[in-house]
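Sequences and hints are given; from them, build the entire structure.
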Amino acid sequence: MKKNLLFIMNNLNCGGAEKSLVTLLQSIDYSKYNVDLYLFKHEGLFMNKVPEQVNILEQPIEFRYFNMSLKNALVDCLRRKKFGIALGRIFSGVIYKVEKNAFRSDQRVWKYVSIVLGEIKKEYDSAIAYLEMAPIYFLVEKVNAKNKIGWIHTNYTNSGMDKTIDKPYFEKLNYIVTVSSECAKSLQRNFSPIKDKIQIINNIVSPKVINSLAKTKKEIIKNQDHLTVVTVARLCEVKGIDLAIEACEILVTKGIKIIWYVIGEGEYAYYNNLIQLKGLEKHIILMGVKENPYSYMEQADIYVQPSRFEGKSIAIEEAKILQKPIIVTNFRTAKEQIVHNANGLIVKMDPSSISEGVIELLSNSDLRNKFRRALALEDLGNEREIKKFYKLL
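Quick note on numbering: the sequence shown equals residues 917 to 1309 in my numbering.
FYI, nobody ran anything at the bench for these hints, they're computed from the structure. Note that CB positions come from ideal geometry on N, CA and C, so glycine has one too. Mixed in with the good hints, there may be bad ones.
[What the hints assert, rightly or not] Here are the simulated lysine to any residue pairs, SDA-like style, with alpha carbons at most 25 Å apart:
1) LYS1138 to ASP1112
2) LYS1304 to GLN942
3) LYS1206 to ALA1290
4) LYS1037 to ASN927
5) LYS1131 to LYS1206
6) LYS1173 to VAL1121
7) LYS948 to LYS1038
[Said to hold, decoys possible] Label-pair ranges, simulated between beta-carbon atoms:
8) ILE1011 to SER1281: 46 to 56 Å
9) GLU978 to ASP1266: 37 to 47 Å
10) ASN1208 to LEU1308: 27 to 37 Å
11) ILE1116 to GLN1140: 39 to 49 Å
12) GLU1207 to MET917: 34 to 44 Å
13) GLY1000 to GLU968: 37 to 47 Å
14) ARG996 to LYS1251: 46 to 56 Å
15) LYS1037 to LYS1286: 56 to 66 Å
16) SER1021 to ILE1302: 32 to 42 Å
17) ASP1266 to LYS918: 45 to 55 Å
18) ASP1282 to ARG980: 51 to 61 Å
Structure below.
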């Protein structure tokens, strides 16, 4: 008899956790499992990548009040006499305004968001909240399942999340899955009494799929007269996009002909304005979201991940599969993916060090070739991680 599984996620926008979830769904043996997917919002680049065997549950209609302007939400709530939701929307708006840490904001507003989310009546053998905060809170409060699994995709300590909020939820989970040993250590330090629940399952990446997609060049960005640098990341401070822009400015000042492509969504207006202020419009290009980023990564002379924090970067793993010369900043989990001077460079988390790393790789073809040879010998396919997931079920 097939087991019934439920996955819970905010949406399927272009992000590492979302991509990881879709890849996991594509890897499941559907002869053994019936799979439902619950999304707070039915949106995102990866919606059309969900396997046809997955049953996407109905979207919670009233969740929209937390994704529209406060004024519009209040007008609609009052017109429909939804006074409790209106009050919750006001309180959540205040929290988002005064709480500077985005993670803690999301934690604190849950008690108001939860008002608009009904319980799922169906009973599941296992239910999996595939992201920290709201999906886990929803799993604990609103889902009937024998086995409850929460997924953490970030370094908990560095995130700034309030562990006093998460502790009672984590205690009710059967397992807490995270994506790297460093992330696991962080969880163990913060939640020592429940450390036995913590499991490591790496994000699944498929070299066969990535290499195949990389050969589909829909747009040529490679320029023989310029150094081509690519970064795939959300446009935000955590991913160090400001560091990339400042590093590019240093390189241009030194006379290096460079075009740096950044693929991802996020705070586009802010970073585009910063690029314009520095006069770098011809040197750093914000590409937005690309359904197939691999065709662009394949064309890069150098791949750079300038992040301040990472759980375990899927983009780095993908760049490794494509055998790109890679530069990463020294975020805490960097050494789990790159061995300095063996298969890439780990540099300090500042624009000057990033630019120096680029210059080193640009001027040293032997080093670039050394990294490529090292990456070619690595076993980078980890489809076998699905077996670890099955054991939890």
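How the hints compare with the structure:
With a CA separation close to 49 Å, the supplied pair LYS1138 and ASP1112 exceeds the 25 Å bound. As the CA atoms of LYS1304 and GLN942 are separated by approximately 16 Å, the hinted pair is consistent with the 25 Å bound. For the hint pairing LYS1206 with ALA1290, the CA-to-CA distance comes to about 28 Å; that exceeds 25 Å, so the pair is violated. About 21 Å separates the Cα atoms of LYS1037 and ASN927, which keeps this hinted pair within 25 Å; it holds.
A hinted pair counts as satisfied when its Cα atoms are at most 25 Å apart, and LYS1131 with LYS1206 qualifies at roughly 15 Å. As the CA atoms of LYS1173 and VAL1121 are separated by approximately 33 Å, the hinted pair breaks the 25 Å bound. In summary, the hint linking LYS948 to LYS1038 is supported, as the alpha carbons are separated by about 18 Å, within the 25 Å threshold. Checked against the hint of 46 to 56 Å, the pair ILE1011 and SER1281 passes, with Cβ atoms roughly 53 Å apart.
In this structure, GLU978 and ASP1266 meet the distance hint of 37 to 47 Å, their C-beta atoms being roughly 45 Å apart. With their beta carbons about 31 Å apart, ASN1208 and LEU1308 fall inside the hinted range of 27 to 37 Å. The given range of 39 to 49 Å is respected by ILE1116 and GLN1140, whose C-beta atoms sit roughly 43 Å from each other. Between GLU1207 and MET917 the beta carbons are some 37 Å apart, a value that agrees with the proposed interval 34 to 44 Å.
As the Cβ distance of GLY1000 to GLU968 is approximately 38 Å, the hint placing it in 37 to 47 Å holds. Checked against the hint of 46 to 56 Å, the C-beta distance between ARG996 and LYS1251 comes to roughly 53 Å, which is consistent with it. Between LYS1037 and LYS1286, the C-beta spacing of about 58 Å keeps the proposed range 56 to 66 Å intact. Separation of SER1021 from ILE1302 is about 34 Å and conforms to the stated range, judged on CB atoms against 32 to 42 Å.
Between ASP1266 and LYS918 the C-beta distance comes to about 52 Å, which sits within the given range of 45 to 55 Å. Between ASP1282 and ARG980 the beta carbons are some 56 Å apart, a value that agrees with the proposed interval 51 to 61 Å.
Hint violations for this structure: numbers 1, 3 and 6, all remaining hints satisfied.
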